[in-house]
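Residue numbers (the UniProt record's numbering), protein chains in the order written: chain A, 1 to 331; chain B, 1 to 331; chain C, 1 to 206; chain D, 1 to 206.
Because the hints were derived from the structure by calculation, they are not lab data. Treat the numbers as computed from the prediction; the structure is a model and nothing was measured. No false leads were slipped in.
Far from chain B, some chain A residues (derived; all Cβ distances over 12 Å):
no. : residue
1   : PRO42
2   : GLU122
3   : GLU140
4   : GLY147
5   : GLN176
6   : ILE224
7   : GLU225
8   : ASP313
With a straight-line cut-off of 27 Å between C-alpha atoms, the simulated BS3-like cross-links for lysine-lysine are:
no. : chain 1 : residue 1 : chain 2 : residue 2
9   : A       : LYS67     : B       : LYS26
10  : B       : LYS26     : B       : LYS39
11  : D       : LYS118    : B       : LYS130
12  : C       : LYS122    : A       : LYS180
13  : A       : LYS202    : C       : LYS164
14  : B       : LYS2      : C       : LYS179
15  : A       : LYS2      : B       : LYS227
Using C-beta positions, here's what the derived DEER-type ranges look like:
no. : chain 1 : residue 1 : chain 2 : residue 2 : range
16  : A       : ILE280    : B       : GLN10     : 12 to 20 Å
17  : B       : ARG331    : D       : ASN54     : 50 to 58 Å
18  : C       : ASN115    : A       : GLU211    : 42 to 50 Å
19  : D       : ASP24     : B       : ARG226    : 22 to 30 Å
20  : B       : ASP248    : A       : PRO323    : 34 to 42 Å
21  : D       : ASN59     : B       : PRO323    : 54 to 62 Å
Here a beta-carbon is modelled for each residue, glycine too, at the ideal position from N, C-alpha and C.
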Amino acid sequence: MKKIINDPNQAVQDMVNGFVAAYPDKVTLIPETLAVVRKDAPITGKVGLVSGGGSGHEPAHAGYIGKGMLDVAVAGEVFTSPTPDQVLEGIKAVDAGEGVFLVIKNYTGDVLNFEMAAELAEAEGIQVEKVIVNDDVAVEDSSFTTGRRGIAGTVFVHKIAGAKAEAGGSLSEVKQVADKVVANVRSMGMALTSGTVPAAGKPGFQLEDNEMEIGIGIHGEPGIERKPIASADTIAQELTDRILDDIDISNGNEIAVLINGLGATPEMELYIVNQKVQAILRDRGIEVYRTYIGEYMTSLEMAGCSITVLHLDDELKPLLDAPSEAPAFRR
Amino acid sequence: MKKIINDPNQAVQDMVNGFVAAYPDKVTLIPETLAVVRKDAPITGKVGLVSGGGSGHEPAHAGYIGKGMLDVAVAGEVFTSPTPDQVLEGIKAVDAGEGVFLVIKNYTGDVLNFEMAAELAEAEGIQVEKVIVNDDVAVEDSSFTTGRRGIAGTVFVHKIAGAKAEAGGSLSEVKQVADKVVANVRSMGMALTSGTVPAAGKPGFQLEDNEMEIGIGIHGEPGIERKPIASADTIAQELTDRILDDIDISNGNEIAVLINGLGATPEMELYIVNQKVQAILRDRGIEVYRTYIGEYMTSLEMAGCSITVLHLDDELKPLLDAPSEAPAFRR
Amino acid sequence: MELDVLKTVEWMEQTNEKMQAKKDELTTLDQPIGDGDHGINMARGFQEVVNKLNDTEYNEVSAVLKDVAMTLMSKVGGASGPLYGTAFLKISTAVKGAGTVERDLFAKALTEAVNGIKQRGKATEGEKTMIDMWSPISEAFQQASDFRPEDMMEAAQAALESVKELEATKGRAAYFKEKSVGHLDPGAVSTFYLFEALADVWKGDN
Amino acid sequence: MELDVLKTVEWMEQTNEKMQAKKDELTTLDQPIGDGDHGINMARGFQEVVNKLNDTEYNEVSAVLKDVAMTLMSKVGGASGPLYGTAFLKISTAVKGAGTVERDLFAKALTEAVNGIKQRGKATEGEKTMIDMWSPISEAFQQASDFRPEDMMEAAQAALESVKELEATKGRAAYFKEKSVGHLDPGAVSTFYLFEALADVWKGDN
Ligand SMILES: Nc1ncnc2c1ncn2[C@@H]1O[C@H](COP(=O)(O)OP(=O)(O)O)[C@@H](O)[C@H]1O
Ligand SMILES: Nc1ncnc2c1ncn2[C@@H]1O[C@H](COP(=O)(O)OP(=O)(O)O)[C@@H](O)[C@H]1O
Ligand SMILES: [Mg+2]
Ligand SMILES: [Mg+2]
Ligand SMILES: [Mg+2]
Ligand SMILES: [Mg+2]
Numbered sequence: 001m002k003k004i005i006n007d008p009n010q011a012v013q014d015m016v017n018g019f020v021a022a023y024p025d026k027v028t029l030i031p032e033t034l035a036v037v038r039k040d041a042p043i044t045g046k047v048g049l050v051s052g053g054g055s056g057h058e059p060a061h062a063g064y065i066g067k068g069m070l071d072v073a074v075a076g077e078v079f080t081s082p083t084p085d086q087v088l089e090g091i092k093a094v095d096a097g098e099g100v101f102l103v104i105k106n107y108t109g110d111v112l113n114f115e116m117a118a119e120l121a122e123a124e125g126i127q128v129e130k131v132i133v134n135d136d137v138a139v140e141d142s143s144f145t146t147g148r149r150g151i152a153g154t155v156f157v158h159k160i161a162g163a164k165a166e167a168g169g170s171l172s173e174v175k176q177v178a179d180k181v182v183a184n185v186r187s188m189g190m191a192l193t194s195g196t197v198p199a200a201g202k203p204g205f206q207l208e209d210n211e212m213e214i215g216i217g218i219h220g221e222p223g224i225e226r227k228p229i230a231s232a233d234t235i236a237q238e239l240t241d242r243i244l245d246d247i248d249i250s251n252g253n254e255i256a257v258l259i260n261g262l263g264a265t266p267e268m269e270l271y272i273v274n275q276k277v278q279a280i281l282r283d284r285g286i287e288v289y290r291t292y293i294g295e296y297m298t299s300l301e302m303a304g305c306s307i308t309v310l311h312l313d314d315e316l317k318p319l320l321d322a323p324s325e326a327p328a329f330r331r
Numbered sequence: 001m002k003k004i005i006n007d008p009n010q011a012v013q014d015m016v017n018g019f020v021a022a023y024p025d026k027v028t029l030i031p032e033t034l035a036v037v038r039k040d041a042p043i044t045g046k047v048g049l050v051s052g053g054g055s056g057h058e059p060a061h062a063g064y065i066g067k068g069m070l071d072v073a074v075a076g077e078v079f080t081s082p083t084p085d086q087v088l089e090g091i092k093a094v095d096a097g098e099g100v101f102l103v104i105k106n107y108t109g110d111v112l113n114f115e116m117a118a119e120l121a122e123a124e125g126i127q128v129e130k131v132i133v134n135d136d137v138a139v140e141d142s143s144f145t146t147g148r149r150g151i152a153g154t155v156f157v158h159k160i161a162g163a164k165a166e167a168g169g170s171l172s173e174v175k176q177v178a179d180k181v182v183a184n185v186r187s188m189g190m191a192l193t194s195g196t197v198p199a200a201g202k203p204g205f206q207l208e209d210n211e212m213e214i215g216i217g218i219h220g221e222p223g224i225e226r227k228p229i230a231s232a233d234t235i236a237q238e239l240t241d242r243i244l245d246d247i248d249i250s251n252g253n254e255i256a257v258l259i260n261g262l263g264a265t266p267e268m269e270l271y272i273v274n275q276k277v278q279a280i281l282r283d284r285g286i287e288v289y290r291t292y293i294g295e296y297m298t299s300l301e302m303a304g305c306s307i308t309v310l311h312l313d314d315e316l317k318p319l320l321d322a323p324s325e326a327p328a329f330r331r
Numbered sequence: 001m002e003l004d005v006l007k008t009v010e011w012m013e014q015t016n017e018k019m020q021a022k023k024d025e026l027t028t029l030d031q032p033i034g035d036g037d038h039g040i041n042m043a044r045g046f047q048e049v050v051n052k053l054n055d056t057e058y059n060e061v062s063a064v065l066k067d068v069a070m071t072l073m074s075k076v077g078g079a080s081g082p083l084y085g086t087a088f089l090k091i092s093t094a095v096k097g098a099g100t101v102e103r104d105l106f107a108k109a110l111t112e113a114v115n116g117i118k119q120r121g122k123a124t125e126g127e128k129t130m131i132d133m134w135s136p137i138s139e140a141f142q143q144a145s146d147f148r149p150e151d152m153m154e155a156a157q158a159a160l161e162s163v164k165e166l167e168a169t170k171g172r173a174a175y176f177k178e179k180s181v182g183h184l185d186p187g188a189v190s191t192f193y194l195f196e197a198l199a200d201v202w203k204g205d206n
Numbered sequence: 001m002e003l004d005v006l007k008t009v010e011w012m013e014q015t016n017e018k019m020q021a022k023k024d025e026l027t028t029l030d031q032p033i034g035d036g037d038h039g040i041n042m043a044r045g046f047q048e049v050v051n052k053l054n055d056t057e058y059n060e061v062s063a064v065l066k067d068v069a070m071t072l073m074s075k076v077g078g079a080s081g082p083l084y085g086t087a088f089l090k091i092s093t094a095v096k097g098a099g100t101v102e103r104d105l106f107a108k109a110l111t112e113a114v115n116g117i118k119q120r121g122k123a124t125e126g127e128k129t130m131i132d133m134w135s136p137i138s139e140a141f142q143q144a145s146d147f148r149p150e151d152m153m154e155a156a157q158a159a160l161e162s163v164k165e166l167e168a169t170k171g172r173a174a175y176f177k178e179k180s181v182g183h184l185d186p187g188a189v190s191t192f193y194l195f196e197a198l199a200d201v202w203k204g205d206n
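Same shape as in the complex, but just chain A (with noise of 0.2 Å):
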């Protein structure tokens, strides 16, 4: 394991700590917690936005923080979820007596903690309202199973979820964009080589040279399909296809684009895919109304992309473009 670090059980408070560090006069840590919170928070007449999760997909979810999208990120041990006290001061912090809403992303833990964090929220007298984000369109969709995954697509909730609740809106309707985002919205990745947990000190899963895996999460789990290295144009075709057959949009429907580096991989790399990317919905007659290339929800330093197309209407348009302060995700 190669690692800029210092101590692998610190990695996640030294982290922490360097990037509220880095913005001293917007962000700040809730004391005692891994929890970091806009400046200004709570706003008087605010929803309050709540994301977090498992560490190592920086810069997800604390480089969301700022105006226009993220109130708080609460952050967990690397690929772990964040606990549930932790997430209730979050909650907490954020709450200006309009309600909280909280961004999770469909694993186990991560729904389990929120969860149990908002029943100790409500048990305390504030509101709180919640999206499960699930659109890794690699996993099966069934009301039997733990269901899709949560990836990418995530950062779209959050910019469109913090646009409406900076404008004003109120719990229910942030709730009611965010449905509408989640319900929108499809993702799919690739990897060429997983990343190293800090504390475990080995890479989640092991490729030959030649080797692929497709379908990946965003947690080092292996994907669902392993075959031998394609180009970037058959990989760009493989993720695309999947993700539209998956969703309704058709000739003319407006979509945004998100070509996502997942840790390790050179933006060269996501432009390539990105040509065989827009070339495919030109052919389809969809319309590109924006497209975003950069490491926005990364796996440590996994080697690979994932492919996210979010379909538009006009209450999504303005709030995809509304601006943003977040360091990670400026308009």
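Chain A is fixed; fit chains B, C and D with the ligands onto it per the hints.
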């Protein structure tokens, strides 16, 4: 070599196409070149700002195109300066009669090709000025040698010269402020692994599992010292000390800091480095006006980071903070 | 079986020792069908439990177990934190007021624990989770009144064999569907160690 | 030595063959003290040169060499592109008007080429660059009138030995200072192959 590409010899062309496809309303490709240009160039009354160099440093250089930063970025093959004819096309595309300013990183190849382009442009009656960025303190500075390399500090030159040009600064005013940035910016980097040039197929250098290299450049050039991996704190201390030994910044002075990832380093590690850098600066009484963390000037999928310090004054601060629509440096 | 405050603390100490020793094994089990942190989570959690117990005076088994529950809940995170936390909270509530916990009471408490985990995680038996270790051990406890630690471990061992053959439908392992068959479930294995530690303490009884 | 249009084209074709064959070697030489692209640059450049020459009719050696210069200048980039380009441009200018280029004229042209490279790159002999191959070969040409291809290659071989021992002060290799000693300079080696190709064409003279 594990890369998401098509033909290694087409990687740069595919990348440039994919970049333009991401921002079709903002940028376009100059026909038969690898030069990406602002769609609204040449801009009446504005000095044209040109940068570029070998590819493999993404988001540099095209990511810095946009209102408030560059007008055109000319890409060469991976780690290879673009040719004079391509740079000339870039210059011609952005000259609005106010002259054109070139930001060149100090490598023999870049200097030769850009200077030849400048001569050709002047022969066509275009006024050209330039700055040569040489911020890398790892390299000895002497008038008898090639001199120091230009690395991540170049981003500050783009930002500040870009803001000056956007504000209507004359060619000589743009040059003056760019020279000031170069005089006041210092950087140094280190790596845990080296990247692989697609057409070469093997990494620039090999490090053992317990080794790191201090003082690397951004082209896979090995560094000046190879030694056992140290902690993030030790690394931050060494790089920051070397930088501060080289520039006169004292108690109470204000600076901007850039913690730059070289391609494969998780942002988590950059924050961990930042924690220590900020502590060192605090101890020295140096005021940090702005901190930037992320991938700004990379070296393919190199794992490692560089630290850049820019000594600010009342002229530079507002230019650093001026609006920018460049996708890789939004303000 | 007679769990008093001292023995309960000893149970947790022995559990912690096992979790530290098995940290890498549990993490490795969590890599092919999970995210490779279960050993780290358990080692961190039970170390905090032991720290907490060593810092506190207790008069009642229930109080010890409540602190175990709260510590796991607030120090582990992930899926296993709330689930283990819920289990211990249920046991703590069930044994409230008892100076020493006898087998019958403990058997009743275990039923509560299993129900708590099921409810919290919206899962049931046969989904290749820790439930497939908690539940058969709990069932074994309900049977014979001359139940011995060896019997418990026999049930645990049998559960270990069968959990391997299940296909996961809950937790991260569910993403691998039929590929999860043939792998052990890390949460079931950490539960195995928890009860192995109990068996060791219990054997020291007489 | 008698370079006419045909032989000049042949020289470039043979150079290209060598650059393709030596691409990996030149790139590998550029890794320890450079950025690992010199072979790629040379292979790309001379392939384009050959494409250009095959597409064009020429009446004069000078015209061939001018196209070589312009192609290298516009297709290579890096440090080597403008330097090789300048060298060929100087040779082209020096041989302008000559139907066939004899040894004396070529020797004069080489002097111009060396000066051109030096001026362009602000470097001189002994700085561990391609100059340390161009310059000794050019000097050798100036000496004896019965100069043969074997003599040229002897000078080239000697230059190859001595360039290794130099410390770089120009180009990327300069960043490695004393560490550059013991390594061959990739640009000097590609220049070696350029003249080796010339020797092969020249030997076919008689
Ligand atoms: N819904 C569930 N019900 C019961 N146990 C579960 C459930 N989901 C996961 N588990 C258990 O949790 C274990 C994983 O724990 P851990 O790795 O610490 O958390 P995470 O999955 O969040 O990384 C699994 O091996 C399984 O036994
Ligand atoms: N200033 C200079 N003068 C003469 N030759 C130089 C100079 N700088 C570099 N070179 C030559 O160029 C070669 C490197 O070429 P190449 O790798 O293609 O370009 P780059 O260094 O831009 O990657 C060196 O080996 C050296 O021979
Ligand atoms: Mg986990
Ligand atoms: Mg180069
Ligand atoms: Mg896990
Ligand atoms: Mg080179």
